[in-house]
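> Sequence:
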Amino acid sequence: MEKKIRWGILGAATIAVEQFIPAIQESNYGELSAIASRNISRAKKIAAYYLGIKSYGDYQELLNDPGIDAVYIPLPNHLHVFWAIKALEAGKHVLVEKPIGTSKKDGELLQKTSQEYPHMKVMEAFMYRFHPQWIKAKELIAENTIGKVGRISSSFSFFDDDPKSIVNNKEFGGGSLRDIGCYSLSLSRYIFESEPIAVSGVLELDAETKVDLSASGILEFKEGISTFFSSIRLADHQKTQLYGTKGSIEFEYPFNPPTDRPSKIWVHKENGTETISCDPCNQYTLQLDAFSLSILSNSAAPTPLQDGINNMLVLEKLEESHEKGRRILL
Numbered sequence: 001m002e003k004k005i006r007w008g009i010l011g012a013a014t015i016a017v018e019q020f021i022p023a024i025q026e027s028n029y030g031e032l033s034a035i036a037s038r039n040i041s042r043a044k045k046i047a048a049y050y051l052g053i054k055s056y057g058d059y060q061e062l063l064n065d066p067g068i069d070a071v072y073i074p075l076p077n078h079l080h081v082f083w084a085i086k087a088l089e090a091g092k093h094v095l096v097e098k099p100i101g102t103s104k105k106d107g108e109l110l111q112k113t114s115q116e117y118p119h120m121k122v123m124e125a126f127m128y129r130f131h132p133q134w135i136k137a138k139e140l141i142a143e144n145t146i147g148k149v150g151r152i153s154s155s156f157s158f159f160d161d162d163p164k165s166i167v168n169n170k171e172f173g174g175g176s177l178r179d180i181g182c183y184s185l186s187l188s189r190y191i192f193e194s195e196p197i198a199v200s201g202v203l204e205l206d207a208e209t210k211v212d213l214s215a216s217g218i219l220e221f222k223e224g225i226s227t228f229f230s231s232i233r234l235a236d237h238q239k240t241q242l243y244g245t246k247g248s249i250e251f252e253y254p255f256n257p258p259t260d261r262p263s264k265i266w267v268h269k270e271n272g273t274e275t276i277s278c279d280p281c282n283q284y285t286l287q288l289d290a291f292s293l294s295i296l297s298n299s300a301a302p303t304p305l306q307d308g309i310n311n312m313l314v315l316e317k318l319e320e321s322h323e324k325g326r327r328i329l330l
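The sequence shown runs 1 to 330 under UniProt numbering.
Honestly, the hints are just simulated from the structure, not real lab data. Note that the structure is predicted; figures quoted are calculated from it, not measured. Be aware that a few hints might be false.
To be verified - In silico BS3-like cross-links for lysine-lysine, where the CA-CA straight-line distance does not exceed 27 Å:
#  : residue 1 : residue 2
1  : Lys222    : Lys210
2  : Lys104    : Lys210
3  : Lys138    : Lys269
4  : Lys54     : Lys44
5  : Lys136    : Lys44
6  : Lys136    : Lys164
7  : Lys164    : Lys148
8  : Lys264    : Lys138
9  : Lys112    : Lys54
10 : Lys86     : Lys104
11 : Lys136    : Lys222
12 : Lys112    : Lys86
13 : Lys138    : Lys164
Stated by the list, open to error - Using C-beta positions, here's what the derived DEER-type ranges look like:
#  : residue 1 : residue 2 : range
14 : Glu61     : Pro118    : 37 to 45 Å
15 : Gln25     : Ala300    : 39 to 47 Å
16 : Ile40     : Lys246    : 29 to 37 Å
17 : Asp260    : Gly67     : 41 to 49 Å
18 : Glu171    : Asn144    : 41 to 49 Å
19 : Pro304    : Thr145    : 21 to 29 Å
20 : Thr259    : Lys222    : 30 to 38 Å
21 : Val202    : Ala235    : 18 to 26 Å
22 : Ile276    : Glu171    : 18 to 26 Å
Ideal Cβ placement from N, Cα and C applies to all residues, glycine included.
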């Protein structure tokens, strides 16, 4: 295909500048056309690095641009659904950062609105699923390499105590569970290919902001158990291991693998450990191309919105479990 999707970015968030823009530069099916920021000088500064990129000081101005086909929304969580709906109304396809919003109700509103625009694509941006290491892990499980998977263990953390940071702002949908714990929920549902039947959660809440600084949980599936923890007050860390009846699969970097060297997964079995290397790649580019290709071919988005809604339901039930101090059935 010679045609490329012309992308606009709503917001100059770090993830947009450090991840999305480099990803689109490598894209086969997308090209960057414009960026908007409430701080027009920031938008102009970013645009100045890229020949022919337009800058806007207002999100709606970018949405009104007829030269934009799709938008990427890396805004704070509480703005995801509002601007995703605005984008659909403006005739733009939407790739919105995870989580889909701040509640299951948010996701359902976006889904209902999207049904009024059946020709438009909308997808939640869980980039890890597009990385070859996760595709390979799914293949190994399907081939019964480690037997029947019965338990998943995962964790994700980083340290951020800046009171001005979005992750430390409850009104903006901050907290460890929404920012990074959501990955563990997503991968568990992805691997078991089902929804949990019950959850138990424990949160460590900041006394002043009420943001969860850390979260721990147990997800019960018919197929097995998934345990996890997330934190925005611990050192950088990420780990995932999938345990089966004949072995296990361990990821070196499950969520943010390097782009400049091969990523590794280890298959542990009784007769030894096999190291599987995946060629260097940019998972954000793979996600962008998959979504852009669905627009160009007028096929279904790689991940349906219902997946984001289901993930948010699990997240809310974990919070309910903490509040009520007991296991919650879904």
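> Indicate, hint by hint, whether the structure satisfies it.
These are the hints, each one checked on the structure:
Between Lys222 and Lys210 the alpha-carbon distance is near 33 Å, which puts this suggested pair outside the 27 Å criterion. Annotation: proposed proximity of Lys104 to Lys210 holds, straight-line Cα distance about 20 Å (limit 27 Å). Pair hint Lys138 plus Lys269 holds up; C-alpha atoms about 17 Å apart against a cutoff of 27 Å. For a cut-off of 27 Å, the pair hint linking Lys54 to Lys44 stands: about 8 Å separates their Cα positions.
Our distance criterion of 27 Å between C-alpha atoms is broken by Lys136 and Lys44, whose separation comes to about 41 Å. Annotation: proposed proximity of Lys136 to Lys164 is violated, straight-line Cα distance about 39 Å (limit 27 Å). Distance restraint check for Lys164 and Lys148: the Cα-Cα separation of roughly 45 Å exceeds the 27 Å cut-off, and the hinted pair is therefore not satisfied. With a CA separation close to 15 Å, the supplied pair Lys264 and Lys138 stays within the 27 Å bound.
For the proposed pair Lys112 and Lys54, the alpha carbon gap of about 32 Å is over 27 Å, so the pair is violated. Among the hinted pairs, Lys86 with Lys104 is consistent with the structure: their alpha-carbon atoms are about 19 Å apart, no more than 27 Å. Only pairs whose Cα atoms come within 27 Å are accepted, and Lys136 paired with Lys222 is accepted, the gap being roughly 23 Å. A threshold of 27 Å between alpha carbons decides the hint, and for Lys112 with Lys86 the separation of about 14 Å falls inside it, so the pair holds.
Straight-line distance between C-alpha atoms of Lys138 and Lys164 comes to about 39 Å, which puts the hinted pair past the 27 Å bound. Checked against the given bound of 37 to 45 Å, the beta carbons of Glu61 and Pro118, roughly 26 Å apart, lie outside it. Distance hint check for Gln25 and Ala300: the Cβ-Cβ separation is about 27 Å, which falls outside the suggested range of 39 to 47 Å. The hinted range of 29 to 37 Å is not satisfied by Ile40 and Lys246, whose Cβ atoms lie roughly 58 Å apart.
Checked against the hint of 41 to 49 Å, the pair Asp260 and Gly67 fails, with Cβ atoms roughly 33 Å apart. Range check, Glu171 to Asn144: Cβ separation about 47 Å, and the 41 to 49 Å hint holds. A C-beta distance of roughly 28 Å is found between Pro304 and Thr145, which places it inside the suggested range of 21 to 29 Å. One distance hint, 30 to 38 Å for the beta-carbon pair Thr259 and Lys222, holds here, with the actual separation near 37 Å.
Checked against the hint of 18 to 26 Å, the pair Val202 and Ala235 passes, with Cβ atoms roughly 20 Å apart. The beta-carbon spacing between Ile276 and Glu171, approximately 43 Å, falls outside the hinted interval of 18 to 26 Å.
Hint compliance for this structure: hints 1, 5, 6, 7, 9, 13, 14, 15, 16, 17, 22 are not met, and every other hint is.
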